[in-house]
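The task is simple: from the sequences and hints, build the whole structure.
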Amino acid sequence: MIFIYMKRLLTILLLALTITSNSQCVFNESVTLLPAPPYQPGDVVLVTYELPTFTGIFINWIHAFEINLSPSWINLTPITTPLNPTGSAGNWIWDIQHTFIGGLNFGPGWRFDNTGNVDWGTSSQGPFTMSFTIEVAPTCTADILNISMLVIDDCTTGGWTGGGGACCTDPAFQIYNGLVLPDPISTSLIYHY
Amino acid sequence: MKKTVEIFILVIGLVFWVGCATVFGQTTINPDTVCANATAEQYFVTNTPTSTYNWTVTGGGGALQTGQGTDLITVDWGGVSGLYLSAIEVVESNAAGCPGLPIILDIFVLSLSSNLIGPFCPGDPSATLVGNPAGGVWTGTAVSGNNFDPSTAGVGNYILTYSMAGCNTTINVVVNNGPVTGPIQHF
Numbered sequence: 001m002i003f004i005y006m007k008r009l010l011t012i013l014l015l016a017l018t019i020t021s022n023s024q025c026v027f028n029e030s031v032t033l034l035p036a037p038p039y040q041p042g043d044v045v046l047v048t049y050e051l052p053t054f055t056g057i058f059i060n061w062i063h064a065f066e067i068n069l070s071p072s073w074i075n076l077t078p079i080t081t082p083l084n085p086t087g088s089a090g091n092w093i094w095d096i097q098h099t100f101i102g103g104l105n106f107g108p109g110w111r112f113d114n115t116g117n118v119d120w121g122t123s124s125q126g127p128f129t130m131s132f133t134i135e136v137a138p139t140c141t142a143d144i145l146n147i148s149m150l151v152i153d154d155c156t157t158g159g160w161t162g163g164g165g166a167c168c169t170d171p172a173f174q175i176y177n178g179l180v181l182p183d184p185i186s187t188s189l190i191y192h193y
Numbered sequence: 001m002k003k004t005v006e007i008f009i010l011v012i013g014l015v016f017w018v019g020c021a022t023v024f025g026q027t028t029i030n031p032d033t034v035c036a037n038a039t040a041e042q043y044f045v046t047n048t049p050t051s052t053y054n055w056t057v058t059g060g061g062g063a064l065q066t067g068q069g070t071d072l073i074t075v076d077w078g079g080v081s082g083l084y085l086s087a088i089e090v091v092e093s094n095a096a097g098c099p100g101l102p103i104i105l106d107i108f109v110l111s112l113s114s115n116l117i118g119p120f121c122p123g124d125p126s127a128t129l130v131g132n133p134a135g136g137v138w139t140g141t142a143v144s145g146n147n148f149d150p151s152t153a154g155v156g157n158y159i160l161t162y163s164m165a166g167c168n169t170t171i172n173v174v175v176n177n178g179p180v181t182g183p184i185q186h187f
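Heads up: the sequence lines are chains A and B, in that order.
My numbering applies: residue 1 is where the first sequence begins, and numbers increase by one.
My numbering applies: residue 1 is where the second sequence begins, and numbers increase by one.
No lab work stands behind these hints, which were simulated from the structure alone.
Certain hints may be false.
[What the hints assert, rightly or not] Footprint (simulated), chain B over chain A, 3 or more residues, beta carbon under 8 Å:
#1 127-140
#2 178-189
[To be verified] Computed footprint of chain A on chain B, listed as stretches where at least three residues anywhere in the stretch have a Cβ under 8 Å from a Cβ of chain A:
#3 41-52
#4 95-109
Backbone N, C-alpha and C define an ideal beta-carbon position, used for all residues, glycine too.
Structure (structure tokens):
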């Protein structure tokens, strides 16, 4: 009797592992930060992100790159737009905010505007390289500086429903997680002429 | 005796302090001494061009005259002698508007006074000069230490000065002509 339960448990475990493994769509992300950290208020940082390969599940396609910043970053500016090698008809466009057909609230970042099949992503598997600049906001306190990039497929956006709901579940890529310290204020003694 | 020693040490300290201020043109010694009713006294901190400075002047009859927001201010002081704690305070804010820690300076307002002497006649004995607070220096015609000698001075009006820690007070002293008596005549 106990062997039956163990077999069932093992089957469920293997199935879970298989799904987890298959849900991995994003591989070998990398990033460069110029200048390198640490950062102070007023610093402008060029972030260059690269995704060499995207492999969707059940022909899910890549649909968007969402940039997530902590509030201590300001002045997000796109510099380099990702290319679309051997991809679907359309373009990567910069967007501050967009609501996808499935209700997903997106932005800021780049999303693919498929001109053939509206609401689909692109069939391109990469590589995708993009860059943007951000500035460290003025602050009087020690604040968190966080940057992450979330790759979103057209299953998640609701544009493609043919995969049975098996969307990519890759977590956001942590680009940077640090602190910004306020400029030290060191006032001299008071002098008397 | 003990009181005298304390006053002596205070005076020596004040003299040294003024000497340093004279040589270096500025002082960071706390408390800072100013003369009673001094005007346009300049106070400053090392300037950071992107910063602003908020000054507060309290006590001692002090009134900030110019320079609020900058690294250098001028202050007029009152006439009541005494030590005023935290009389000057400055808070620096950087370009982001973040305030730093307050920097303070205590102020000692020094008011000098003295006794009045005279008028004298030639030949009168020396008179003692008394300055308050004690420990200052008397200067002027026919002054020797803390004494004024009318005989040495002769007939005239004199201004004597009592000085301490860069502050001064003056008194006027008069030595009058004596009566001129002619020879005895025989009618």
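Which earlier hints turn out false for this structure, listed by number in ascending order? none
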